[in-house]
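Novice: Following the hints, put chain B in place on chain V, whose structure we already have.
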Amino acid sequence: MKVGIPRGLLFYRFYALWKTFLEELGAEVVISPPTNKGIIQKGLTYAVEEICFPAKVFLGHVLYLKDRVDLIFIPRIVSFHRREYNCPKILALPDLARNLFNIPEERIIGDEINMREEGMRGWRRGFLNIGKHFTTKESKIMKALNLAEKAHKDYQANLKKGMLPEDLIDHKNPLPLREKKIVLLGHTYLLSDSYINMNITEKVNDLNYSVITPDMVDEEKKRYYLSTIPKPSFWTISNEIIGSTLYHLKERKPEVRGFIHLVSFECGPDSLVGELIERLLKREKESLPYLRLEIDEHTGEAGLVTRLEAFVDMMEWRYKSLESYVSPFASS
Amino acid sequence: MKATFPHLLHLDIALGVLYPTLGVEIITPPPITQKTIEIGVKLAPQNACFPLKVTLANFVEGIELGADTIFMAGGVGPCRFGYYGQIQNIILEDLGYNVDFVLLDHPRYGIRPFIKALQTMAGGRVLSSRVIKVASLAWKVLRFTEDLETERRALRAQVKDRQKLDEIVEGALEQLRQVNNEKSFQAIKEETMKKLDNLERKETEDLIKVGIVGEIYVAQETKINFNVEKILGELGAYVHNSVSTVEYVLHTLPFTRSREKLEAWELAKPYLKRFVGGEGIDTVGSAIRYAQWGFDGVVHLYPFTCMPEVVAKSILTAVSRDYDLPTLHLAIDEHSGEAGLVTRVEAFVDVLERRKKLKKKKVEVS
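Sequence lines, in order, name chains V and B.
If you read the first sequence in the numbering used here, its first letter stands for residue 1254, the second for the next number, and so on.
If you read the second sequence in the numbering used here, its first letter stands for residue 71, the second for the next number, and so on.
Just chain V, with the same shape it has in the complex (with noise of 0.2 Å):
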């Protein structure tokens, strides 16, 4: 049996979980290609013109495996950490792309996973669930969950390195390291997916900077910054940016020079969390500078590399005169 994995939002984030998982149980997967200009374009078609960027191109991806597949993997992945949620359209994706593509419910591998209140147990449920699509023997479904944890494990901790999802995914060459560090900031579907983020790890790169991103920073760190907020937000991945966020003020290391953070124009949870991030950083006393980079589908290459430059340029000066600089924002 064909099953179609759609390239976009959490599949960044469990590409080695599901890919596994699937394979164990005998399904033949299929991944739909990088991104590219028609599977945007298709995105754009269908989706309502609201919807966040990478929905929309998520939504291209699932067209793009409508015809060639048997069984589509949309999992509604509502939580994947206790007491936290993900964003109302990663609750709703299989509905969403049921509902615009007319597809049938049992074309679509739907299934709930939700740890949201019962922490494991929801987890294990919901891929028994989606393991029943397949074989009715619950421990042929334990032993593949059991591998693809393995695995997952196996690519997280290559992730926490340094590498970057599409290096794992597509055997990229990794890019060359460099001495300074930019934090890259954002969800992961949105920094993995490197056109349409317009290739920013490659541009910051090229501008002597290595970046890190989130993934790179241990789960107990992020988590324990995360608790130092008065009431820490209900979307796991934005919480992991203000707990990386804080991580990388608070343990402060010298090549860290300034924060990049990625959003999407219409992202509910970064409009806020990104505003609270600012706010943060900015009562430090010493603090390090940070840009808001916004993308949508009318983001043109030319205006994000000027705003690069002009970052880069700007924290080089900053860095420079670091010693006189005091926030105005600072609370003494």
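Hint data in this document are derived by calculation from the structure and do not stem from the laboratory.
Keep in mind that this is a model prediction, so the values were computed, not measured.
All clues given are correct.
Distance windows between CB atoms, simulated:
1. V:1549 x B:240: 42 to 50 Å
2. V:1399 x B:185: 42 to 50 Å
3. B:327 x V:1413: 44 to 52 Å
4. B:321 x V:1482: 28 to 36 Å
5. V:1549 x B:165: 27 to 35 Å
6. B:410 x V:1569: 41 to 49 Å
Quick reminder that beta carbons are idealized off the backbone N, C-alpha and C, glycines included.
Specialist: Relative to chain V, chain B alone:
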């Protein structure tokens, strides 16, 4: 303590009934005007949803009138509303306002802060007979203000003298502000209903029926949504609004459930399988219910970029296709212009009227 709170249609009337008896001084923020919106847009994050901006501006205007405490509710997501309080608090702090931000959050973020916030909001004790008595009166007042609006929407296209209708409703709302006991409330209620019943009606013709669905704040707050229901009513449509603060509160409280909402959720199931935050699933369910009730069209009102409503909008395209239900989507934010909105609503009503005529003809021929 002088407390201020955000506007939500006639919430200020109900709170005005509640608080004097509780011994908490409240300062009602000035009515929402263009200036309010400008303040909100200036201070709030650019891409935040519109209700955050307006409520933040309510706080600022309330503080300028002398408030030193803010009452606000929180949430558990995934809609952005649950995080408003945190963002608004940090913005007010950075602006240098020294106010007490009392946030009534979900008990899952700590039962002690929850009880403490509830106590502050109730002016001391939570459960005394006096609190319960006045709270139930305030609740009835809130219900009645919504009933009044429902009447006004339904009657506007039917009565001969629309101005008289507005006068009666506005007069009743003004009187409700002075209510302090059950008896005076009942008197106002009976008198107003009698007045509304006595209004002269036009010859009954086949009115087109339009339902309003959408996000709780924008679909209700007529000062934000350019009073779409009035525009519709004056174009000759019978209007019904599925959004209600009362039902929302009923559904949020631990031991009560809103029957209306449960029904809508059940109806939405074939299209949207689960709650997606805010009123996303209610919007879908209510639109289906309007289709079943034989309404001619649905107007979908929501703040620009609202996450649950964008999901609902995507799914409404399928509902609209399957039930042959014309749907007008109106995204509201600070850039919405009244003239453009009126033109769209007029065109929509024209479409509905034409469809209705054609349908009638078909029936006559066959």
